[in-house]
Structure formats: structure tokens, C-alpha cells
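K.L.:
The listed protein sequences correspond, in order, to chains A and B. First residue of the first sequence? That's 1 in this note's numbering, and the numbers climb one at a time after it. First residue of the second sequence? That's 1 in this note's numbering, and the numbers climb one at a time after it.
Hints in this document: simulated from the structure, not taken from any laboratory. A hint or two may mislead.
What the hints assert, rightly or not - Quick list of the computed label-pair ranges, beta carbon to beta carbon:
no.: 1; chain 1: A; residue 1: 168; chain 2: B; residue 2: 183; range: 20 to 28 angstroms
no.: 2; chain 1: B; residue 1: 153; chain 2: A; residue 2: 22; range: 29 to 37 angstroms
no.: 3; chain 1: A; residue 1: 162; chain 2: B; residue 2: 213; range: 18 to 26 angstroms
no.: 4; chain 1: B; residue 1: 213; chain 2: A; residue 2: 200; range: 52 to 60 angstroms
no.: 5; chain 1: B; residue 1: 183; chain 2: A; residue 2: 20; range: 49 to 57 angstroms
no.: 6; chain 1: B; residue 1: 19; chain 2: A; residue 2: 168; range: 20 to 28 angstroms
no.: 7; chain 1: B; residue 1: 86; chain 2: A; residue 2: 84; range: 46 to 54 angstroms
no.: 8; chain 1: A; residue 1: 106; chain 2: B; residue 2: 183; range: 40 to 48 angstroms
no.: 9; chain 1: B; residue 1: 26; chain 2: A; residue 2: 253; range: 36 to 44 angstroms
no.: 10; chain 1: A; residue 1: 111; chain 2: B; residue 2: 59; range: 45 to 53 angstroms
no.: 11; chain 1: A; residue 1: 95; chain 2: B; residue 2: 33; range: 23 to 31 angstroms
Where a beta carbon is used, it is the ideal one built from N, C-alpha and C, also for glycine.
What follows is the residue order along each chain.
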Amino acid sequence: MDSDGLVQPGLHKLRLDLIAERLVLVIAVLAIWWLSSLSMPHYILPGPGRVWDALRLIVANGDLWNNLGITLWRVAVGFVLAALTGLPLGIFLGANKRAGEFFEPVLPVLNTVSSAIWAIFAIIWFGISNATTIFVVFMTAMPLIITNVWQGTRSVNADFIELAQVLRMPQWKVMIKIYLPTILPYFFSGARLAFGFGWRVSLVAETIGSSSGVGYRLRQAADLIRTDQVFAWTLTLVIMMATIEMGMMKPLENYLFRWKKDAQTE
Amino acid sequence: MMNSTVLTQCSPGEADQAVPAIRLLDIDKTFANGNQTIEVLKNVNLRVAPETIVALIGTSGSGKSTLLNIVSGIVKPDRGQVCICGAASEAFNDWCSVGYMFQDDRLLPWRTAIRNVEFALETGSMPKSERTRRAGETLQLVELDGFKDAFPYQLSGGMRSRVALARSLVTEPRILLMDEPFSRLDAQTRALMHEELLRIHRLKRMTVVFVTHDVAEAALLADEVAVMSPRPGTIKEIVKIMQPRPRDVTQPEVTEYMQRLRALI
Numbered sequence: 001m002d003s004d005g006l007v008q009p010g011l012h013k014l015r016l017d018l019i020a021e022r023l024v025l026v027i028a029v030l031a032i033w034w035l036s037s038l039s040m041p042h043y044i045l046p047g048p049g050r051v052w053d054a055l056r057l058i059v060a061n062g063d064l065w066n067n068l069g070i071t072l073w074r075v076a077v078g079f080v081l082a083a084l085t086g087l088p089l090g091i092f093l094g095a096n097k098r099a100g101e102f103f104e105p106v107l108p109v110l111n112t113v114s115s116a117i118w119a120i121f122a123i124i125w126f127g128i129s130n131a132t133t134i135f136v137v138f139m140t141a142m143p144l145i146i147t148n149v150w151q152g153t154r155s156v157n158a159d160f161i162e163l164a165q166v167l168r169m170p171q172w173k174v175m176i177k178i179y180l181p182t183i184l185p186y187f188f189s190g191a192r193l194a195f196g197f198g199w200r201v202s203l204v205a206e207t208i209g210s211s212s213g214v215g216y217r218l219r220q221a222a223d224l225i226r227t228d229q230v231f232a233w234t235l236t237l238v239i240m241m242a243t244i245e246m247g248m249m250k251p252l253e254n255y256l257f258r259w260k261k262d263a264q265t266e
Numbered sequence: 001m002m003n004s005t006v007l008t009q010c011s012p013g014e015a016d017q018a019v020p021a022i023r024l025l026d027i028d029k030t031f032a033n034g035n036q037t038i039e040v041l042k043n044v045n046l047r048v049a050p051e052t053i054v055a056l057i058g059t060s061g062s063g064k065s066t067l068l069n070i071v072s073g074i075v076k077p078d079r080g081q082v083c084i085c086g087a088a089s090e091a092f093n094d095w096c097s098v099g100y101m102f103q104d105d106r107l108l109p110w111r112t113a114i115r116n117v118e119f120a121l122e123t124g125s126m127p128k129s130e131r132t133r134r135a136g137e138t139l140q141l142v143e144l145d146g147f148k149d150a151f152p153y154q155l156s157g158g159m160r161s162r163v164a165l166a167r168s169l170v171t172e173p174r175i176l177l178m179d180e181p182f183s184r185l186d187a188q189t190r191a192l193m194h195e196e197l198l199r200i201h202r203l204k205r206m207t208v209v210f211v212t213h214d215v216a217e218a219a220l221l222a223d224e225v226a227v228m229s230p231r232p233g234t235i236k237e238i239v240k241i242m243q244p245r246p247r248d249v250t251q252p253e254v255t256e257y258m259q260r261l262r263a264l265i
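Just chain A, same shape as in the assembly:
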């Protein structure tokens, strides 16, 4: 692909055959779902029609947007806090060899602690409140971001630092102009991972420690054996994550890292 010199990144050809393939896949899944639902009671496996009705209901009465909004808000707060602490901590641990060596075992330990355990701690400490969900998201996302940023600082090219030295560039400019662009891809992939995890664990936290949000609604629907509503909430979550991933993260990544040769091969 670099044979013709300049490569234009971000150009995606509209592939009709691909769209057709995806369409066939969706129809096949829907058909299997519908056929299986015929032979089962609706509280075990509701059919697509029932789920569609449940979905229309929660959209119409405003339930969807309220709960989706509150969950998204909690995830965002936890995520932003994790990014704000994880980025400087990761840079610090990468820049300071002794501190890095000292704290190295902490991260794997933090990563092993299940989010459900954080959720239980959060309920003990914060009770039924926003802070519970935010805490769980934070504790899950932060180690991921630190690990990635840390790795990023270790990949800073010493030759570029030498280049800046020859140009008599002050240290703070070296941080901004060399360290930051090097770390950014690592931070981004860490943040993406953290956001995905954070979103998932927020539901766990909400099912046990909240009185609003998608997780709470899911548990409520399950308690009432409204399986059609469980499906409806799940569907909205999937759609929302896909929208954020493909509508925001992917284009942002493609733009930010257009200088990377392999970023365009997808």
C-alpha cells in the first residue's frame, strides 16, 4: 500500500458486499432467536417481538434515557478520575526508576481484584449512592491506564531526547513535544480498554449498590421476571457501546494516529 508514495489515510471504500454480509448475519441471528423463542416460555426466552415492545415502552416513558444517562454519567466521572490520576502516576512511575521498581507488584494485585469485590467494598464505604458506581469504575480503570502509560514512558526514544538536547530544548518542552506524543497511543489504548471495562463493571456495581441506572433496572427486571425488559436493556447497552466505539473512539484513533503506518491497514 505504500508503493504509490503518498497514502491517504482514513479512506474507506463503501463496500456493498460487506453491507450485504452484515445484513444476512443480522437476519440469521434474528431468525434463530425467533425460532428458539417459539418453543420456550416467554419468561425464559422472549421473542424479538416481545423485546421490541418492551424497548418501545422504556423509550416512550423516558426510562431509557434517564437510566442510560445516569449510568453513562457515573462511568464518565469514574473514567475521567481514573485518567486524571492514572496519566500522571504512570508518567511518574516511568520517569522514576526506583519508584517504578518499588510499586511494580501493586498493579498486578490491583488488576486481580475482581470488580465485584470493589463493589462490595464500595457499598460498605459509600452505601447506595453515585459514589459506589464511580468508585468501582475508578478502581477498575485506573490500574489499566497506569499500566499502559507506564509502558508508554518506557518506549520513549532516547534518540529523540538527544535531538532535543542538541537543540537546547528546555525539559518541559521535551515533556510536551516528545514524551506526550509517544505516550498518547499507549494512553489511548489503555483508556479505551478502561472505558470498556468501566462500562461493564458499572452495571455490576449498580445491580447491588444503586437505586437508579441501567444496572439497577436490569436487576429489577430480573427480579420481576420481566425477561423481555432484560433483553431490551441489554440491547440498548450493546447499541450504545457499539456507537461509542465506532462513532467516537475509532475515528478519533484514526485521526490522532494517522502518522502510524499500520494504523491504516484495517
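Using the hints provided, position chain B relative to the given structure of chain A.
P.N.:
Using the frame of chain A, we list chain B on its own:
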């Protein structure tokens, strides 16, 4: 106090001689390697006249790159004095700036060609528009203005080398230091870069000091070749090349110089 003694050391001494672009006085440098020390440079003296091209040549370990790094200020000598345009090199000055070109191009992969050239101007507080204008002009000088918005991965080795050259020229240095600048290019591209360098030298008249291990490169480009010998690194001999440029390896005079240089190292 300290400064005044430094300045007297740096002044040329003989009134009839032009102030040298670079003056090295009794440079010593040792590196520690485990518990043993290696004398990389011992008692090195060198005078580089303004607007000339000087090659530093020698086997590996003769300290030629270290010497270049001492001139650029990346490495501090243990003893001796570096004078740049008649002033102590620590007194980094605007009227006689130094450009540096590395062995590899060292382009920042996240920056386009023009933004890579601008990088050299970002140490001070020059406004962005002025940086862009100068970087554009310098890319034009190296005949690469058509590729100013390309990222390094989109450029060929020769093009990348030109961007690196532009980056070291954009500050309009009076002295250009180059550490085996074209050694990683193929022979054909290297020959093109030689022409390019000489063309820019005719235009800008900067002083050039370059390190090479290639006798042909030294004989083709330099006015003077400083031959270095290792352990401890010293300048063994200075060969003046009288043949006018442009030169060609097929010229008998050039071949003779090459043989002489090869015999010396």
C-alpha cells in the same frame, strides 16, 4: 572573571588571521567503562576556518563522533576549550548558531515533514507563523516543498534525509555538524545528497564539519580532512584537498587523495 579568561583563550591570537569558526584547544576526554577508563580524546587541537568543509575521518574508536559531540556541546570535555566563532561555546550565541545532523534522520514519526523542520525552531519563543514560513522555505531549499504535509513513513530514505538536513539548516546555522549523515543511504542517494549539500554550501556559505569513515566521501566533499588515530584519540594529520569542487572519484587527483587517506587510517 572566569568568562574573561575563557574569552582571551578563544581570541585568535594572530591578528592577521580570520577568527576561526571552530577552535579546539587541548581537548581531553575519558569515558569510564566499569572500573577502567578509556582515553577517548587526548590533547586534541583543531582550527576550522570559516566557510570551509572539514571531514573527520578515522577507524571506529578514534573518537571522531565524540569530538563532534564536544563541538556541539552534547558532551563536555574533561579539559580544554571549545571556541565557536571566537567565543566560548558555553556562551551559546545567536549570531553564530550550530546545526547538527545525526547519523539517522531522527524524524518524529507523529509530525509531518514541515512540522519536523519546525521542531528545530521550537526551543525559543518564535511565533508559529514565522516558524512555518521558515520551515517552508527550508524545505524548498532541499527541494522537498511538495511533500511538506507527508508523514515520515510516507517518505523514502533520501527524502527523510532531506527533511533531516532541512531541520538542521532551518535555524540558519553558521556551523553545520554532521555525524556520518549519509552513511545509511544507498550509494546513489548518497551521491545525490552530496550534490545537495555542496549546492547549499555554495548558497549559504556555512562551515561544515562532518564525520565519516568513507575516504571517498571525505575526498569528494572536504577542503580539509582531519585524520584521527585511536587509543588515545588524537588528530594524526590534516590533509588539505586542493582539487576544486565539484569533484569526481574518477579524477586521478581525487583517487590519489583517497589512497593517501586510506594509507593514513
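K.L.:
Hint by hint, say whether it matches the structure.
P.N.:
We went through each hint and held it up to the structure:
no.: 1; hint: 168(A) - 183(B): 20 to 28 angstroms; in the structure: holds, 26 angstroms
no.: 2; hint: 153(B) - 22(A): 29 to 37 angstroms; in the structure: holds, 31 angstroms
no.: 3; hint: 162(A) - 213(B): 18 to 26 angstroms; in the structure: holds, 21 angstroms
no.: 4; hint: 213(B) - 200(A): 52 to 60 angstroms; in the structure: holds, 58 angstroms
no.: 5; hint: 183(B) - 20(A): 49 to 57 angstroms; in the structure: holds, 54 angstroms
no.: 6; hint: 19(B) - 168(A): 20 to 28 angstroms; in the structure: holds, 23 angstroms
no.: 7; hint: 86(B) - 84(A): 46 to 54 angstroms; in the structure: holds, 52 angstroms
no.: 8; hint: 106(A) - 183(B): 40 to 48 angstroms; in the structure: holds, 45 angstroms
no.: 9; hint: 26(B) - 253(A): 36 to 44 angstroms; in the structure: violated, 56 angstroms
no.: 10; hint: 111(A) - 59(B): 45 to 53 angstroms; in the structure: holds, 52 angstroms
no.: 11; hint: 95(A) - 33(B): 23 to 31 angstroms; in the structure: holds, 27 angstroms
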